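**Student:** Chains as they are written, first to last, in the working numbering: chain A, 1 to 572; chain B, 1001 to 1673.
These aren't lab readings, by the way, just hints derived from the structure by calculation. This one's a predicted model, so the numbers in the text were calculated from it and none came from an experiment. Beta carbons are placed, not taken as given, at the ideal position from N, Cα and C, and that holds for glycine. Be a bit skeptical, because a hint or two may be false.
These stretches of chain B come out as covered by chain A in the derived footprint (C-beta under 8 Å, 3 or more residues) [stated by the list, open to error]: (1) 1431-1444; (2) 1534-1540; (3) 1560-1571.
The calculated BS3-like cross-link candidates involving lysine-lysine, where the alpha carbons are at most 25 Å apart (straight line), are [said to hold, decoys possible]: (4) B:K1088 <-> B:K1279; (5) B:K1208 <-> B:K1024; (6) B:K1096 <-> B:K1279; (7) A:K284 <-> B:K1642; (8) B:K1496 <-> A:K518; (9) A:K36 <-> A:K60; (10) B:K1351 <-> B:K1437; (11) B:K1208 <-> A:K518; (12) A:K44 <-> A:K60.
Non-contacting residues of chain A with respect to chain B, defined by C-beta distances greater than 12 Å in every case (computed) [said to hold, decoys possible]: (13) E47; (14) Q97; (15) V560.
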Amino acid sequence: MNIPGGLQLASFLGLLALLTKPMGLHLVRVLDPQGKTRLDGAVKPVERLFYRIFGIDPAKEQDWKRYLGSLLVFSLVGLVLTYFILRLQRLLPLNPQRLGAVRPDLAFNTAASFTTNTNWQNYSGEATLSYFSQAVGLVFHQFASAAVGIAAAAALVRGLARRSAGTIGNFWVDLVRVNLYVLIPMSLALAIFLGSQGVIQNFKPSVAARSVETGEVQSIAQGPAASQTAIKMLGTNGGGFFNANAAHPYENPTPLSNYLQMLAILLIPSGLTYYFGRTVGNPKHGWAVWSAMAMLFLAGVLVCWTAERGGNPRWAELGVSQAAGNMEGKEVQFGAFDSALFASVTTAASCGAVNAMHDSFTPLGGLIPLFNIQLGEVIFGGVGSGLYGMIIFIVLAIFLTGLMTGRTPEYLGKKIEIADVRMSVLAVLIPIFCILGFSAWAVVSRGAAASLSNAGPHGLSEVLYAFSSSAGNNGSAFAGLNGDTTFFNVTLALAMLLGRFLVLIPVLALAGSMARKKVVALSSGGFPVGGPMFTLILIATILIVGALTFLPALALGPVVEHFVMTGSPVLY
Amino acid sequence: MAHKTHSLFDRRILGRAAVDAFRKLDPRRLMRNPVIFVTEIGAAVITLEVFARTGGEAGGFVVQIAFWLWSTVLFANFAEAVAEGRGKAQARELRKTRTDTFASRLRDGGAIERIPASLLRKSDVVVVSAGEVIPADGEVIEGAATVDESAITGESAPVIRESGGDRSAVTGGTRVLSDRITIRVTADPGESFLDRMISLVEGAERRKTPNEIALTILLSAMTVIFLVVIISLKPFGVYSGVPFPMAALVALLVCLIPTTIGGLLNAIGIAGIDRMVQKNVLAMSGRAVEAAGDVDVLLLDKTGTITLGDRQAAAFLPAPGVPVEELAASAQLASLADETPEGRSIVVLAKKYGIRGRSLADIPGASFIPFSARTRMSGVDSDGRRTRKGAPDAIREFIGGDIPPEIEDAVNRVALLGGTPLLVSEGTRVLGVVHLKDIVKGGLRDRFERFRAMGIRTIMITGDNPLTAAAIAREAGVDDFVAEAKPEDKLALIRKEQAAGHLVAMTGDGTNDAPALAQADVGVAMNTGTQAAKEAGNMVDLDSNPTKLVEVVEIGKQMLITRGALTTFSIANDVAKYFAIIPALLVGAFPVIAPLNIMALGSPSSAILSAVIFNALIIVALIPLALRGVRFRPLNAAALLKRNLLIYGLGGLIAPFPGIKLVDLVVNALHLV
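From just these sequences and the hints, can you work out the full model?
**Tutor:** See the structure below:
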């Protein structure tokens, strides 16, 4: 650790904290269909137009089953649409490179990936997809899937805030309003700013350039990067326009753009905690949740940063200077600190954009991004999904420890009953099943072994990372794994779909169950949800569930690798 | 029933429980407890492996793992069996009181026939005379009698049961001591109060409470998670070239799934009901005990709960022209034959006016008229003087004339202050008024203070006027009161509190309490109360002590806390077990990870064995805590949570480290592996 890094980290968290309340307040207004925002003058007519075109009655609310039904139908239509856009891109416009149809398994993987807000990219961005495929087929989902996540979180929050209510909002209204009042205007602003920093935005074909060093002719891709980058970050999507993602100078040219992109990733998830506290009438609770996220985040950053700064002794033995830390797979202008911070941000939130190769991190440095994802993508998490994932953990934490107050556990005055526990454990079980089940299958299946560029513990880490990233809808990768095989395209797509939509079923069921409940009067006998003790309980629950579940697998991967790096004469 | 509480380690109970522990191995029964069921399957799998492999150098290790896995299951069964055994012992004692009796059934024509009590059916009418055992639960429809209910309550003083009013319920198995009563049977054989009590304390009727079901779901989910973890570990091991032996994987699984709470969950629930029984409260279900923990509003009747049921004489208010000494003397005389506490208090008060203490024998030739509930008067006739003391309307009727307006005023004044006025008369002349006053029970203020600390609000309900009610409420330290309440108002009040999100507990005995008892989340009926009240409530207090609501709430909370504490402890334990087992599993293939063995356990085999042994022994170690319940302190939720988290959360995190290390030292010292 060093002083410039420490200052930057402090300023980053400080600025995030400062922006949380205004962001949250804006969300409060947007997620209330009657809410007034400053954008009303310009946007309200557009909103009304949408309702008229699609025949939506904004005053009509849905119960949880209808809400879930609408969400699933919308997502399924988007999934199918994108699949066909990718398959038919040859016939579609904006394809100056004359790129051919995407293979069926890869098209399925990519469509699932973007529909689920994962943005796992088995395709090579600029080399596989036309501008139309990217800008329409994918960017549509970068907005839509982000709005779906926020809508689901809002539905759950409404469930907690309401008493004896049958409905939890209207999915279509949430979808339209989140896009019109949050994602589109903010992306527009961020895209313009990124443009000012040098992120490109055009529809030109690739440019041929002669390399200065070797004299070889290199094809430099072009395209509408700024617009996609903005929503990539704000919507915790993570799918880069270029294959190198935020390590590419056209996508992330300056330290300032880097800083703002990181902030953009956490902005909405962080603001949602304030929205949550405010909506349930207990802003302190919102901040307690924020604090739990921030502390888990900070701990991860510090470990990752320390590990990366420490460098790799094996390289040092070979005479490669480790004075700047482990620089393998890192963009020189970012270095150990900015790479570690970016990696922590992108995996804490389920973004998945990367500005360094996580595969090349030191074992412990790489363990943090992996563990961040495995904890359930709740450290700020994906837009919306982070909050609803966190609320699931809160319900479990309160149920586990709440009995010790001498009362049936209650959360925000609502008794946690059989159905609620059942839904919450399902929501936690599904990603765990996906990660461990698919990974275990992959490491022993013959087809998968060929995809690994590394054997031994690191290969295991790569597989674990791939399925963790998919099931957690993160989308970043330990890039050593070649995921573009039929096996991985299909299994990863399944992990993404299950990790998103199968989890949403119990989440919205919980919303419905909570909304129906009466509220127990708050007295000094109730569970305290607004202070440091609650924050600690929440952190402990998340860590214990995460650690207990994934420690054995992690021990065989990064942990063994770490000890091998530091103390073994044998290389695996 | 409280006559005998069984010590935790009653040898007979333990012996029987040890046998039952084996009987409970039946997988069909264990299936209801998923955590222990999985443990049993694990034990069975390893046992098969013991038999499948002949010899082999690790054979001894596998045998020991199998042994300790079976022990884990047996210890869990044992805990449950001990809890049940305590209930069964109590049930046996109750059964002794259920003797086969004959009943005198009244036939339609008025003739009486002798039939075995077991043939009685609901709405039969029986006659019971002095010395006979009441053959079935019922309601007195004619007559009044003193009844010895010690078989049920353990209280040796006889109680009065009479037709009409709130003291008409009688319980089968109790004995009539005097007089003769006619009873309408209200329960068929096998459904009587005694039968229900026996099956309750025996735990035969025990159904899982909603909270237990929810917790079981969570524990099952954790079991499933760890199953997935362990099953996926095998392929990961294949990939990494680490052949995980079956015994080690099963050992890790059993250590990780929450066996501690899984094994003790049932025992905690049974013990909760049992603790209620120890306090002479019968909870009709485990659910009622849980609800008691959730209660945050207590509705307390003033009379009998906050104030002594008996009022005491506080002042003599003489009629105009009557010296107070004369009133005191006559009042004393008229009260000599009144054995009620009120009557005695008048005699005591009279002494303060210098009236010499007299006894019945001091006045020869006088005929005393004892107090009775029917006449509501007592008195004495001597030398042609008829001195009486009694309720105003009773006296009015007795003297057959009007009462002077000054006396009428005094009567009203006393009533307005919440007191009870009694009139004293001699012949047709009213001498004055005795002011009987409520006496607030001692120690209540502290108890209500404890409630406040727990976040529970106390509301006093009284028929008194607001002024008196306020005075008594202040004196007793309740949070709130409802004055001039009619019995029906209780129901409305409970509904109002519940609508505001509160959970309400109340006690009651009268028939007009029944709707409120049924509406309350916890309704404690007094055993002396009517059948209707007992049916409506979800608990019966055999001692008929309304203040016991305090204990009821504390036991409910204690049970929930015990459950939560052991759950937290169980899960926190896993961290240390990981540090014992994971390095042991991997160190063979990856010697570099040796530093992870932070407990410096002797060998991989001893590490795994020690974790399994610790995991089994901790169940036994916690049985007393599960049965006795964690110590309860009246604190608010945040303070309770903090305290218990420190003890059971942090303690659960830390304790297994030295625990496993200790077991490992023993294992290595004995060269077990």
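**Student:** Which earlier hints turn out false for this structure, listed by number in ascending order?
**Tutor:** Numbers 1, 2 and 15, in rising order.
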